[in-house]
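Novice: Could you slot chain B onto chain A? The hints should help.
Listed here are the chains, written in short residue letters.
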Amino acid sequence: MEIKIVENVAVKLLQLAVTELPQDVKEALQRAYHEEESEVGKTQLKAILDNVELAEKMRKPMCQDTGVINFYVKAGAEVRGLDKIEQALRNATKRATKEVPLRPNAVDPFTQKNSGNNTGRFVPFIHWEILPGDDLEITAFPKGGGSENVCVIGMLVPGEGMIGLKRFVVDAVIKAGSKPCPPNILGVSIGGGADIAIKMAKKALLRPINQPTQNPEIAKLEKELYAAVNMTGIGPMGLGGKITALGVNVDYAYRHPASFPAAVAFQCWAARRATALIHFDGKFEYLSHKVK
Amino acid sequence: MRKMTVYKLKTPISEEDVRKLEVNDVLYITGTMVTARDAAHKRALDFFKKGKKLPIDLQGLAVFHCGPIVKKEEENWVIVAAGPTTSTRMDIFEDKFIQNFKARVIIGKGGMGKRTTDAMKKYGAVYGAFTGGAAILAANAIKEVKRGEWFDLGMPEALWILEVEEFGPLTVAIDAHGKNLFDEVGKRVEAVRSKIYEKLGVPK
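Taken in order, these protein sequences are the chains called A and B.
All the letters of the first sequence, read from the start, carry residue numbers 52 to 343 under the numbering used here.
All the letters of the second sequence, read from the start, carry residue numbers 166 to 369 under the numbering used here.
Extracted from the complex, chain A is given alone in its bound form (with noise of 0.2 Å):
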């Protein structure tokens, strides 16, 4: 596999994720307008999706806050040059930046200072995952501020269980408001450390709201929990309303006896992700997005 390749695609994977949401989402939004209720959530939702397919027919960043870059790799065991893909999404990050261009959202926490091209320590971060085969999986995952301010991890009590969770969510939902640009979607994670609940949390973004569990115990649990955070009336942008969650999406892992960690991980309704698929030959397709 021509790492260039590699390096192009992430560049029109940035662009993509950037400026056209994925269809699921899309749909998802529609279908918020039509049910929502309130004349005030109405109108925001409408500037939403006016904003959106302005932004996919102009070709321009929907939000001026494009993100810190997070790439999701699954990488066949046999791809060669897996040493260099990292190198290739970095590249790609400084292009894109120039080319969409994106916001540089890249600080040195002790200086201060704005690196200028969306990469520094550990960004974009890439999380790998290793499969059988030689195809390479590139999902890319710019994640705005607003709703990453908002993410909670707790160390909650097992013996209160599922109970203890609910709540959590329901309590994380309505401390956040406005803040995370509702409607949004979330990612719920039960067990694993507390390092791992969060990644399961925010990696739950990835999946298609449309896309239905195979575990009926989590899409019963994700039911409930949409009915619930969509029982708050926050609404679109905080201003009151039905909807004020589009999607939410739960993940587990098993748990220490003594431990129960949760997670949520809050997506603006501006929930970009864009996917490819590369083939060892070179050959390539988008399967997240219609490229013409």
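Don't take each hint at face value.
[Unchecked claim] Heads up, simulated DSS-like pairs for lysine-lysine below, C-alpha to C-alpha not over 27 Å straight-line:
1) Lys108(A) with Lys168(B)
2) Lys261(B) with Lys230(A)
3) Lys237(B) with Lys149(A)
4) Lys369(B) with Lys226(A)
5) Lys226(A) with Lys364(B)
6) Lys293(A) with Lys369(B)
7) Lys364(B) with Lys293(A)
8) Lys226(A) with Lys344(B)
9) Lys164(A) with Lys236(B)
10) Lys230(A) with Lys360(B)
11) Lys271(A) with Lys364(B)
12) Lys230(A) with Lys364(B)
13) Lys369(B) with Lys274(A)
14) Lys369(B) with Lys97(A)
15) Lys341(A) with Lys108(A)
16) Lys168(B) with Lys145(A)
17) Lys55(A) with Lys230(A)
18) Lys344(B) with Lys230(A)
19) Lys149(A) with Lys108(A)
20) Lys267(B) with Lys97(A)
21) Lys274(A) with Lys360(B)
22) Lys293(A) with Lys168(B)
23) Lys175(B) with Lys308(B)
24) Lys63(A) with Lys236(B)
25) Lys145(A) with Lys236(B)
26) Lys293(A) with Lys279(B)
27) Lys97(A) with Lys173(B)
28) Lys308(B) with Lys149(A)
29) Lys271(A) with Lys267(B)
30) Lys173(B) with Lys267(B)
31) Lys111(A) with Lys308(B)
32) Lys230(A) with Lys369(B)
33) Lys185(B) with Lys97(A)
34) Lys230(A) with Lys352(B)
35) Lys97(A) with Lys168(B)
Simulated from the structure, these hints should not be mistaken for lab results.
Specialist: Only chain B this time, still in chain A's reference frame:
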């Protein structure tokens, strides 16, 4: 609750006109809008204290909490993206800002607190919530960058004096009668929390 009314106002906006607006109304603005974030608010208040004139008279105008992405094309400035920033950071300045300069519409996202709400009631101003992140919608309503001032504060913090056409939709979230929509929603949400717990089987 009164039915939502749509208003289209042209700057300069009079105190009388702004007092007609109520929370939940939708507002579109045509005319002059000035961007100002933390640093610009601070400097404007310093100028007032020292009796110095601002680069533009803000009376009757709209002030936008926004740090736009601006680029220069030949001789002209062009707005690329101009979404609202979080307004609560300006809460410590806004009451004096409204009192001193008589700006009639403050635009941002996330709402503002009691100090600002009280000042809006006393001096006649409203807060218009613009959809967070809707940067292209905002940029599209900006027809011309008249000029920039205070460039030493940096591009996002500078005062950008903009000519806008039907800039909106803005949801009136604080009106000139002391009503604050974000507070009202917050209270309603708090009241429903125990009902949600009950439905989930969560003890209080």
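Novice: Hinted pair, alpha-carbon criterion (27 Å max): lysine 341(A), lysine 108(A). Please report holds or violated.
Specialist: 14 Å, holds
Novice: Holds or violated: are the alpha carbons of lysine 237(B) and lysine 149(A) at most 27 Å from each other?
Specialist: 16 Å, holds
Novice: Regarding the pair lysine 293(A) and lysine 168(B), is the alpha-carbon distance no greater than 27 Å?
Specialist: 18 Å, holds
Novice: Taking 27 Å as the top limit, are the C-alpha atoms of lysine 173(B) and lysine 267(B) close enough?
Specialist: Answer holds: lysine 173(B) to lysine 267(B) is near 19 Å, not above 27 Å.
Novice: Verify the proposed pairing of lysine 271(A) with lysine 364(B), using a straight-line Cα cut of 27 Å.
Specialist: At roughly 14 Å apart (the allowed maximum being 27 Å), lysine 364(B) and lysine 271(A) satisfy the hint.
Novice: Tell me if the straight-line CA distance from lysine 230(A) to lysine 352(B) falls inside 27 Å.
Specialist: 16 Å, holds
Novice: Hinted pair, alpha-carbon criterion (27 Å max): lysine 149(A), lysine 108(A). Please report holds or violated.
Specialist: 20 Å, holds
Novice: Check whether the Cα positions of lysine 293(A) and lysine 279(B) lie no farther apart than 27 Å.
Specialist: The hint holds at about 26 Å.
Novice: Can you confirm whether the C-alpha distance between lysine 97(A) and lysine 168(B) stays at or below 27 Å?
Specialist: 18 Å, holds
Novice: Does lysine 149(A) lie within 27 Å of lysine 308(B) when you go C-alpha to C-alpha?
Specialist: It holds: about 25 Å lies between the C-alpha atoms, which stays within 27 Å.
Novice: Take a quick look at whether lysine 364(B) and lysine 293(A) sit within 27 Å of each other, Cα to Cα.
Specialist: Distance of about 17 Å is within 27 Å: holds.
Novice: Check whether the Cα positions of lysine 175(B) and lysine 308(B) lie no farther apart than 27 Å.
Specialist: Answer holds: lysine 175(B) to lysine 308(B) is near 14 Å, not above 27 Å.
Hints 1, 14, 16, 17, 20, 29 from the earlier list are contradicted by this structure; the remaining hints agree with it.
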